[in-house]
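The whole structure should be built from the sequences, with the hints applied where relevant.
Protein chains in written order, with the numbering used here: chain B, 197 to 529; chain W, 197 to 529; chain U, 197 to 529; chain F, 197 to 529.
Derived from the structure by calculation, the hints contain no laboratory data. Keep in mind that the hints are not guaranteed to be accurate.
[Claimed, not checked] Under the rule of at most 30 angstroms between Cα atoms (straight-line distance), these lysine-lysine pairs were calculated in the DSS-like manner:
id, chain 1, residue 1, chain 2, residue 2
1, F, LYS386, B, LYS364
2, U, LYS284, F, LYS518
3, W, LYS502, U, LYS212
4, U, LYS436, F, LYS386
5, B, LYS527, W, LYS526
6, B, LYS386, B, LYS212
7, U, LYS436, W, LYS436
8, F, LYS451, U, LYS522
9, B, LYS518, W, LYS522
10, W, LYS284, B, LYS522
11, F, LYS451, U, LYS518
12, B, LYS364, F, LYS364
13, F, LYS522, U, LYS522
Please read all numbers here as calculations on a predicted model, not as lab measurements.
For reference, the chains in residue letters:
Number of protein chains: 4
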Amino acid sequence: MILHISKEINKGLLHKLQNDYLTTIIEKDNFIIIINLTDNNIEKELQNYIISKYNISTEAQLSSREYKAATTQINFPYGYGYIGGDEKNTMIIAGPCAVESEKQILESAQFLKSLGINTLRAGLYKPRTSPYTFQGIGDAGLSILENIKNEFALNIVSEVRDITNFEKIANIVDIVQIGAKAMYDQSLLKACGEINKPILLKRHFAATIEEFIKAAEFILSAGNEKVILCERGIRTFETKTRFTLDLTSVAYLKKFVNLPIIVDPSHAMGYSYGVPSLAKASLAMGIDGLLIEVHPNPNEALSDSKQQLNHNEFTELYQSLKEIAKVTNKKII
Amino acid sequence: MILHISKEINKGLLHKLQNDYLTTIIEKDNFIIIINLTDNNIEKELQNYIISKYNISTEAQLSSREYKAATTQINFPYGYGYIGGDEKNTMIIAGPCAVESEKQILESAQFLKSLGINTLRAGLYKPRTSPYTFQGIGDAGLSILENIKNEFALNIVSEVRDITNFEKIANIVDIVQIGAKAMYDQSLLKACGEINKPILLKRHFAATIEEFIKAAEFILSAGNEKVILCERGIRTFETKTRFTLDLTSVAYLKKFVNLPIIVDPSHAMGYSYGVPSLAKASLAMGIDGLLIEVHPNPNEALSDSKQQLNHNEFTELYQSLKEIAKVTNKKII
Amino acid sequence: MILHISKEINKGLLHKLQNDYLTTIIEKDNFIIIINLTDNNIEKELQNYIISKYNISTEAQLSSREYKAATTQINFPYGYGYIGGDEKNTMIIAGPCAVESEKQILESAQFLKSLGINTLRAGLYKPRTSPYTFQGIGDAGLSILENIKNEFALNIVSEVRDITNFEKIANIVDIVQIGAKAMYDQSLLKACGEINKPILLKRHFAATIEEFIKAAEFILSAGNEKVILCERGIRTFETKTRFTLDLTSVAYLKKFVNLPIIVDPSHAMGYSYGVPSLAKASLAMGIDGLLIEVHPNPNEALSDSKQQLNHNEFTELYQSLKEIAKVTNKKII
Amino acid sequence: MILHISKEINKGLLHKLQNDYLTTIIEKDNFIIIINLTDNNIEKELQNYIISKYNISTEAQLSSREYKAATTQINFPYGYGYIGGDEKNTMIIAGPCAVESEKQILESAQFLKSLGINTLRAGLYKPRTSPYTFQGIGDAGLSILENIKNEFALNIVSEVRDITNFEKIANIVDIVQIGAKAMYDQSLLKACGEINKPILLKRHFAATIEEFIKAAEFILSAGNEKVILCERGIRTFETKTRFTLDLTSVAYLKKFVNLPIIVDPSHAMGYSYGVPSLAKASLAMGIDGLLIEVHPNPNEALSDSKQQLNHNEFTELYQSLKEIAKVTNKKII
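Rendered as C-alpha cells:
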C-alpha cells in the first residue's frame, strides 16, 4: 500500500512510522510518500493527513501501474528522443561487448551514426566468469568513451560492475547500466537511486519477475525515477542456446509495470545467427528498446565473439526493424 | 551419419547391420537409408553400395539440414495451402482448448471461416493434471469434429493423449496433435510414423531441443516425413507466467532443423492479455504457423479459461498479424 | 474436500454428484468416497448421508496425511517384508538398468541374494531418448525375469513404457514401475489403478510436487492404494550431473503425503562415483527405500553404463547403509 | 594448465606472459604459479624454468584435485578444530539469520556453548529482496558480535553484503561469509583474496558448478587459500520448497575440487520441518560442515522466521547428527 500524505504531519508521527512500523518514507516537494507492506493501523493513525491511497495487488509499489498508470518517460541528451511516455518510440542501443581500443570504438561510432543510430554501448569493467580471461580495459577506456560521446553526439551506455567503479562510469555515461550479475547488489542499486541519470537495469538470469521489480524499487525508492528494465535471457535447462529469452515475462511487465522495457537478444541467444530474428520478435511485441551487440570484427572480439553481429548483418537487421516498426506504430530512435 | 545405399546389397550384410551394428534401416523405393551412430567399420564394409553419405554434426539425423537442407513441405486439404517448402506461408490454427458442445464448435467454426481461417483446433481427450477435473468429452466429440470438418471445409487439429485414442483421432483429423505431455510416448510416436497424415509434435515443457528433435526422429524413422514442430513454452523458475515461451530455441530449430515450426503462445503465457504480443513476436521471427486458443466465451470454458482469447480479441490480433506478415514476406493461410 | 457417505444415498443424488457437480465417486465396501474440488452446495445436499468429512489444504486428496495420517503399508511376497506402516523398514531394490541376457540377470540375482537383498530391478522396454540406440530386449526378456523370480524368490521390479506393454509386465512382476517419462500417461496410470500390485511411480524430471502427487491420485482414485513414490532427480540448469536429486521435495512428501517414498540416486547423479554418497544421504533422511543400479560389468552395459555400480562398489555401499540404518532406527529389507 | 616456474625467470618474459599471453601470475615464496588457459607456445618459451606442470581437465585450476589432491585444511581459532586436511572433522555452524538484539545473540551463544558448539553465525547486513522490509541492524551490531566472540570464545561467521561493509565485517569475524547473492561480486571476491581469514563462499542459487568454482578461483588467485564452499539450494521450477538442495553437485565437488564443502539446509528448504532430515542427509554424505539457522524464538524473528529451528528442535537434531557422525567416521567440532 502506498499513501501520499500531507507535509503537515508532525515529526513524532513520522518518526513512529519509520521506526515502529518499518515503513519507507520518501519526501517529495509537495507531499510525502509512505510505503507500507505490513498489517498495522497506519491508515487510521494517518487519517487526517492522507492525500491519496493506492492499494497495490502485485509486488511492485512505485513501479506498479496501479500506482501510476502511464509508463515513465525517459529522455536522452542526443537524438532528440525519449522512451516511455506516449510509447511511440523504440530505442536502438548498439555497439561492441567491450571497449577494446580507440580504433574499434571509433569504427563503431561512425558505423552507428551512418545508420542514424544515436546510442552506443560498450563495457569497460567486464564481470567475467573466470579470473583467468579478459576482464575489460577498465579505467583506460574512460577517456575513450568520453571523447566519442562528445565527438559524435552519441548517448553512451556502459556497465558498472560494482560500487568501486560506479562514480567513474556515472560521471561520463548518459545511461548507467547495471549488469545482470549485479542486479542483487543493493549498495549499487541505492547509489543509482541517488543520481539523476537513467539507469538501465538488467534482469539477473535467475531473477524472478518479483525480484527484478524489487531491484528496481531499490532505485526508485532512493529517489531516481528513471529506471529502464532490460530482459536479457534467463537460465533454464536448455544449453544449445546461451540463455532463454523470456518474452512471456516482458508481456507481464508491459501489463503491470510502469517502467520502459528493452530487450537484449544478443546475450539471450549467445550466437549471432539467432539475434536478428529475436530482435524482430521483440520489436513486434511493442517494446521500448533493443540492446544489440555489434562489432567491427566479431571474430577478433576479446569477449562474446560468437554473439556479436558484424556491420553488414546489423545493417540488414536495422532495415527489417524499420519495416516492422512502421506496421506496429513505433518510431525507431 | 546417414548413408544412402543401393538396393543391390545382399541380405546377409543388411542383417548384420541391423543386428550386430545396431543401425537403423529405412527402405525407400529406390535406395535404403542407414542411420548409424556408433564407431564401427560400417563404411568400409558397405563401400560398394554407398550412393551418398551425410555427416551430421548435431543430434538431428533425418531432420537435420545437413541431411536435407530445405524445409519439408506439408500440404493441407482445405485452404489450398502448405507450410515449409519455399517458406512463404504461415498457418493460423485457432479454436477452443476443448470441444465442449456442438454449439460451441459451430460458433467457433463460423467465426474462423468468417475471418478466412482454414484450420480449427479442439481437444477431446484432455491430459489434465488432476483426475478430479474435466477430462474432455472424449468419444462423444468425434462426430462433432467430423461434421464440422465436412460442413465447413476446415482442417481439423486434435490431440491424441496416448495410443488408446490414437486411431479414433487419426481417422478423422487432418493433423494429429501429440501434446506436450505425450512427447516422450514412443509407442505413440511410432504409431504416428506409420500413418500418412501430418503430425503436430508439441515440445514437452521440460524437453531439451535434443530430446525434442529425437522425438521427431522416432516419427521420421518410422516412415512419416510430415512432422511439424510446435514450441509451446518451457517450465522455468518463473511462476507469474504459466510457462516461458522459448523463442531462442525456435531460432536454433529454424537454423539447424528441416521441419516446419509453429508456436503456441496461449499455453506459454497462460493469460490472454499476453497472447497477442507473443503471437506477433513469433510471427515476426518468420515461423511457419501459430496455434492460438480462442473461445466464444472464455469465462465459461471448462479448461484453460484464463488463456483463451474471445472473438473480438482474436479478430483484432488477426488484423495485426496480417500487417506484420506483409513486411516479413509471409502469406497467412 | 473428501466426504465419506453412507451407501444408503439414493441413485438420483449420486448421479447428480457425478454429472452436474463433477465430483469423483469411489465405492468402497461400507461407504462411498466423494472427492469434490469445486465450490458448490454439495455438503448441504448430502447432509443426511455424511459419515465423515476431510478438509484438505494441499493438492493431495487420498494421498494427503490430512485424509489418512499413517503411511500406507505395502507388503512384498519375498523377503517377508513391507514398507510404510510403522516405517521401520527401508527396502533396497537393486539390479541392472536393462535385461541384456540370461547370464547377466543370473549373475545379478546370485549377487543380490548373496548379500541378503530380496528385490531385483531390470528393464525390458527402455524409453530411450533416441530411436537409433538400444531400446531394450522387450518381450524376449519376460521369461528370463519370470524364471529368475521363481528360482531365487526375488521380488521383481520392471518398467512399463506405456499401455502396450502394461499387461505383459504386470503379469509377471511384483512391483510395476512407471518410469519418469510415463508419469503423465493417464491411461497407464488408470490401468495401474485397476490392478492389485504395488506401483512404483517415478517422478517425471520436470514434474512439480503437485503434479507428482496428482499422478499418484490417478492410481489411487482408480482403486489401487499400493502406490510407492520415487524421487529420481529433476532437470535443472546444472549439467555436470545428469539430474539434480531433489531431497527437499522428499522432505515435503514425507511431511504431507501418506505414501512410502523411495529414492533413486543412480539416475539423479548419472555417474557411479556419486551414487554411494547420495544413497547414504537419502537413507539418513529416513526414506522407505532405495533403487540402485548395479551391473556385473558396467563398462559393457548397453545403457546407463556410466552410472551403474559394479558388484564391489555396491557391496561396500551396502555395508555403509547397514551402519547408517542402525543409528536411524531402520531395518534394511 | 598450471605451471610452477623458477623465480630465476627474467622480467621481460614474465611481462610478456602477463600482457601478450593473458596468463595469471601468482608469486609464491619459492616459485611462481602461471595459470594459462589459451593455446599458445608458452610451454616452449618457458621450458628452462618449468618446475612442474599440471594439466587440468575441468574448469577448476587452483581448486582442482588434479593440481592439489588433498583437501585444503582450514583452522579456526576456537574449538581447537579444523576442517579439510585428513577430513576427519565436520563443523557445525549455527545461529540466527540476523542479529536482532544483544539479548537474542546472548541467548544464542549460551545455547550453542551449552551443546559444545564453537561457531556462531548471525548477519548484520541482510541482502533482502525488497527495500521495504528489515535490512539488518548494520553497524549497530558490530560490537555485539565482537563482545560475544570474546566472552564465549566462539568463532563468528557473518555475511558481507558488498565491498562497502567488507572491512567492518572482516575485522571482527573469524570466517567471512559471502552470501549467495554476492557470489558474482568480483571486487568482493578479490578483496577476500587479499586477507588471511577463511572465506565461506555460498553458491549463488543459479550458479552452475563451473561458475561456483570460478568464483572461488577469484579468491584463490588473489592469494587466499582458505576458501570453504557452501551449497545452500538452487532455484528450480519447484515452489513448494524455497530452493532445491543440490547434493548431486556436492558429490561432484567432493570428487573434483580440493576445497572443504559445507551445506546449509535451512535456506534450501525454507521451512523448519525439513531442516533436520536434510542436515542428517548432508552429514551422511561426508561433508565438512553444516550451517543451520536456529533462533531462540523463530516466530518473532525479523527475517527467515519459517526456516529457523527453535532450541529444542536443534538440540534433538544435534543428538542425531552425533550418532550419524559415529558411523561415518567424522568428528563433529
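Going down the list of hints, with the structure as the test:
no. : hint                   : verdict
1   : F/LYS386 with B/LYS364 : holds, 19 angstroms
2   : U/LYS284 with F/LYS518 : holds, 21 angstroms
3   : W/LYS502 with U/LYS212 : holds, 27 angstroms
4   : U/LYS436 with F/LYS386 : holds, 26 angstroms
5   : B/LYS527 with W/LYS526 : holds, 23 angstroms
6   : B/LYS386 with B/LYS212 : holds, 23 angstroms
7   : U/LYS436 with W/LYS436 : holds, 29 angstroms
8   : F/LYS451 with U/LYS522 : holds, 27 angstroms
9   : B/LYS518 with W/LYS522 : holds, 13 angstroms
10  : W/LYS284 with B/LYS522 : holds, 21 angstroms
11  : F/LYS451 with U/LYS518 : holds, 24 angstroms
12  : B/LYS364 with F/LYS364 : holds, 24 angstroms
13  : F/LYS522 with U/LYS522 : holds, 11 angstroms
The structure is consistent with each of the numbered hints, conforming to all of them.
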